[in-house]
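Novice: Input sequences plus hints: build the corresponding full structure.
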Amino acid sequence: QVQLVESGGGLVQAGGSLRLSCVASGRTFSNYRRGWFRQAPGKERELVGAISSSGSRTYYSDSVKGRFTISRDNAKNTVYLQMNSLKPEDTAVYYCAAGPGTSSFSYWGQGTQVTVSS
Numbered sequence: 001q002v003q004l005v006e007s008g009g010g011l012v013q014a015g016g017s018l019r020l021s022c023v024a025s026g027r028t029f030s031n032y033r034r035g036w037f038r039q040a041p042g043k044e045r046e047l048v049g050a051i052s053s054s055g056s057r058t059y060y061s062d063s064v065k066g067r068f069t070i071s072r073d074n075a076k077n078t079v080y081l082q083m084n085s086l087k088p089e090d091t092a093v094y095y096c097a098a099g100p101g102t103s104s105f106s107y108w109g110q111g112t113q114v115t116v117s118s
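Residue numbers (this note's numbering): 1 to 118.
Below, computed lysine-lysine pairings styled on PhoX-like, alpha-carbon distance capped at 25 Å:
no., residue 1, residue 2
1, 87, 43
2, 87, 65
3, 65, 43
Simulated from the structure, these hints should not be mistaken for laboratory data.
Specialist: Here's what the structure looks like:
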């Protein structure tokens, strides 16, 4: 059974940092693109960051560029999201995902809540 399990969410004050982790099990994702999405109440799910299978290419949404860093450790089947200079508008449930190719994500985690207080 394939599972993606996120951890590292929580409550933090504005300006603070959190590091999310997503461990995959049930298969290897070393040749899959990995990504982090988030969804705030009443809003659509948005792609925050993505990383290629080798880690050589990354993508960030404009809203997090310069503050968030996505990375991966294929030996550990894990992807990370380092979030710095957090803002209240970063409050959301964060989901990790994995997918083949460059156009879609096939596997999803259950999500972890990030709450940033002002």
